[in-house]
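Take the sequences, apply the hints, and build the full model.
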Amino acid sequence: MLITKEVEFNYDNQIFFKFQNIDLKSNENLLIIGNSGVGKTTLMHLLAGLLKSNSGSIKLFDQELSQLSSHQLDRFRKNNIGIVFQRSHFVNSLTVKENLQLAQYIANKKDNNRIESILKKLNIFDKSNKKTNQLSQGEKQRASIALAIVNSPKLILADEPTSSLDDTNCSKVIKLLKKQATDFGAQLIVITHDSRLKEHFKKSIEL
Amino acid sequence: MNIFKLSIKNIFNKPLSSFISLSLLILGIGIISLLLQLNTLIKDQMDNNLRGIDMVVGAKGSPLQLILSSVYHIDSPTGNISLEDAENISKNRMVGSSIKILYGDNHKGFRIVGTEKKFIELYKGVIKEGKEWNSPYEVLVGSKVYEKLKINLGDNLVSSHGLRETGQSHDEGTFKVVGLLEPSNSVIDQLIITSPESVWDIHDTHNHKNDDEHDHENEHAHDDREITAMLIKFKSPMNIIQFPRQINENTNLQAAVPSYEISRLFKLFGFGIETLSYLAYLIIIVSGFSLFINLFNSMRERKYEMALIRTLGASRFQLSTMIIFESLVLTISGFVLGLLFSRFGVMFVSSLMEESINYNLNSFKILNEEYWLLGLSILIGIISSLIPAVQVYKMNISKILADA
Chain A
1349 MLITKEVEFN YDNQIFFKFQ NIDLKSNENL LIIGNSGVGK TTLMHLLAGL LKSNSGSIKL
1409 FDQELSQLSS HQLDRFRKNN IGIVFQRSHF VNSLTVKENL QLAQYIANKK DNNRIESILK
1469 KLNIFDKSNK KTNQLSQGEK QRASIALAIV NSPKLILADE PTSSLDDTNC SKVIKLLKKQ
1529 ATDFGAQLIV ITHDSRLKEH FKKSIEL
Chain B
32 MNIFKLSIKN IFNKPLSSFI SLSLLILGIG IISLLLQLNT LIKDQMDNNL RGIDMVVGAK
92 GSPLQLILSS VYHIDSPTGN ISLEDAENIS KNRMVGSSIK ILYGDNHKGF RIVGTEKKFI
152 ELYKGVIKEG KEWNSPYEVL VGSKVYEKLK INLGDNLVSS HGLRETGQSH DEGTFKVVGL
212 LEPSNSVIDQ LIITSPESVW DIHDTHNHKN DDEHDHENEH AHDDREITAM LIKFKSPMNI
272 IQFPRQINEN TNLQAAVPSY EISRLFKLFG FGIETLSYLA YLIIIVSGFS LFINLFNSMR
332 ERKYEMALIR TLGASRFQLS TMIIFESLVL TISGFVLGLL FSRFGVMFVS SLMEESINYN
392 LNSFKILNEE YWLLGLSILI GIISSLIPAV QVYKMNISKI LADA
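Chains A and B supply the protein sequences, listed in that same order.
For the first sequence, my numbering begins at 1349 and goes up steadily by one.
For the second sequence, my numbering begins at 32 and goes up steadily by one.
Derived by calculation from the structure, the hints in this document are not laboratory data.
Among these hints, one or two may not hold up.
[As the list claims (entries may be wrong)] The list that follows gives simulated cross-link-like pairs (lysine-lysine, DSS-like), each with its CA atoms no further than 25 Å apart:
(1) Lys1445/A / Lys334/B
(2) Lys1388/A / Lys1407/A
(3) Lys1479/A / Lys45/B
(4) Lys40/B / Lys1479/A
(5) Lys334/B / Lys1488/A
(6) Lys1488/A / Lys36/B
(7) Lys1478/A / Lys334/B
(8) Lys334/B / Lys1479/A
(9) Lys36/B / Lys1479/A
(10) Lys149/B / Lys207/B
(11) Lys1502/A / Lys1373/A
(12) Lys1478/A / Lys45/B
(13) Lys1400/A / Lys425/B
(14) Lys1407/A / Lys430/B
(15) Lys1457/A / Lys40/B
(16) Lys1457/A / Lys36/B
(17) Lys159/B / Lys139/B
(18) Lys40/B / Lys1458/A
(19) Lys1353/A / Lys430/B
(20) Lys36/B / Lys1478/A
(21) Lys40/B / Lys1488/A
(22) Lys1523/A / Lys1488/A
(23) Lys1445/A / Lys36/B
(24) Lys36/B / Lys1458/A
(25) Lys40/B / Lys1445/A
(26) Lys334/B / Lys1400/A
No experiment lies behind these values; they were computed from the predicted model shown.
Next comes the structure, spelled out in structure tokens:
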């Protein structure tokens, strides 16, 4: 499913990253763990097609990412990848439901039933018509998970989803993410420095 | 949900800053459109009343005053001329037709004009009720006069001396309303029209009664009847160059050409209108800047949001379109509201004018120049959103997200 080889990236010829090879099979989840400054976010952006590597190969769902133009990468991303960011981002002028509708619109989809069922599953259906800045921290996180999975991605990338949470909530969130991934038939890659997550993943690599 | 809806939601999410740019634009567009409308309406109205009058003959004085008083009935007359002199001119072979006009009295501020029946034909006046006058002291009443004063057929009107309401009243000068005119959208709407004889007669009695120092015998020894002005149409338009000059040089009368005087008046107006419209264009430019700053700031505030939309798979182009949409929605609604503003302005000015000079300006058609204003609004919308749109297009989403 995901095979990377000799991926290298540098920012303005100053900060230089060389990533170890990854080989992830279908139906496997992955934990990528590392301390600050080892390029975790960079790696995630490379996998999501938000950045292009300087050399090496990233093959995701049998597609070599470096061969895609930026426009093709946009399309590839909306069809295959859902991203959960460390801090939740939303379109502030829209309600929770409208944010999800916007995500669907961008992916040329329209399915209010799916939005409803996702919100119900994540237990924030009663917040559908609330503006996102009226949500609590926990609700925001669940809403951003909803945003990541609304277009049925095959891969969910999560960037530090638990770093600011206490042990109880940390375990809750990671279980929720894994469950959503399984329920909606997606694979999960979590990138974090949070070593508490190790016990939740069979497969992990350390940067 | 789509990009267009999102633009609108974004505008309403920041109502204050949107409102400021919008109101500047409304003000600018509104002022220009108001000036255009008033200019056109007044010009139309002026031209409408000018039909069929090539030249006006009256007493010496300001030619503009002569035109304003005897064609538009809004200024005091320059004085009177003798009937004899006037008739000499009307007998000239260059004159196609002539209409005598006499002033002297008013009824509650509306002018009573003594004139010939041709005068009503000149303005295509149609009698709505009643008939034309047949004997002195019978009057036809214009539509605005009877609407405002609630005058009915058969009523008696008391006239007062002079052209303004404050004049001394002629107790014996009662006119009988024999006819009401249909609205014609010309000056006859605001006039009370009667035969020349009525006006001569009323001032004769007036003189007998009050001016005892006058030598009456002498006054009536010859035909001393006077008129205020004479409206003249030439046989050939060519005469317009030669004939007025002849009169001005060879007689003690004054001849004025309305079309010339009015274009002179508009040149005087024009300066003020031009200055005001430059000011309005300046306001539009400022509104463009305000719009730009507005978009630029909101774009910086919304950079995470933009990055999010990109990670959801929207293209750079879609995001830039959203910014341009936001700007266009504002400028186009600014245009529409500005036009609305100008129409209210026209209504307001027209109600003011109706009070003071009995003019009515009512027309709401969109002028060609206003379509240019629409073009201008769209242009302002595109220009002020161009830089923000390009910046969004070139945005480095990875960097923004990593900074979060």
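Going through the hints against the structure:
1. Lys1445/A / Lys334/B: holds (21 Å)
2. Lys1388/A / Lys1407/A: With a Cα-Cα distance of about 18 Å, the restraint between Lys1388/A and Lys1407/A holds, given a limit of 25 Å.
3. Lys1479/A / Lys45/B: Holds, at about 14 Å.
4. Lys40/B / Lys1479/A: holds (12 Å)
5. Lys334/B / Lys1488/A: Between Lys334/B and Lys1488/A the Cα gap is close to 18 Å, so the pair holds against 25 Å.
6. Lys1488/A / Lys36/B: Roughly 23 Å separates the two Cα atoms, so the pair holds.
7. Lys1478/A / Lys334/B: holds (22 Å)
8. Lys334/B / Lys1479/A: The hint holds at about 18 Å.
9. Lys36/B / Lys1479/A: holds (16 Å)
10. Lys149/B / Lys207/B: Holds, because 20 Å separates the two Cα atoms, which is no more than 25 Å.
11. Lys1502/A / Lys1373/A: Holds - the C-alpha atoms of Lys1373/A and Lys1502/A are around 13 Å apart, at most 25 Å.
12. Lys1478/A / Lys45/B: Holds, at about 17 Å.
13. Lys1400/A / Lys425/B: holds (15 Å)
14. Lys1407/A / Lys430/B: The hint holds at about 23 Å.
15. Lys1457/A / Lys40/B: holds (20 Å)
16. Lys1457/A / Lys36/B: Distance ~16 Å between Lys1457/A and Lys36/B Cα, so the pair holds.
17. Lys159/B / Lys139/B: holds (22 Å)
18. Lys40/B / Lys1458/A: holds (19 Å)
19. Lys1353/A / Lys430/B: holds (24 Å)
20. Lys36/B / Lys1478/A: holds (17 Å)
21. Lys40/B / Lys1488/A: holds (20 Å)
22. Lys1523/A / Lys1488/A: Distance ~17 Å between Lys1523/A and Lys1488/A Cα, so the pair holds.
23. Lys1445/A / Lys36/B: With a Cα-Cα distance of about 14 Å, the restraint between Lys1445/A and Lys36/B holds, given a limit of 25 Å.
24. Lys36/B / Lys1458/A: holds (15 Å)
25. Lys40/B / Lys1445/A: holds (14 Å)
26. Lys334/B / Lys1400/A: Judged against 25 Å, a Cα distance of about 21 Å means the pair holds.
Comparing the model with each earlier hint shows no violations; every hint is respected.
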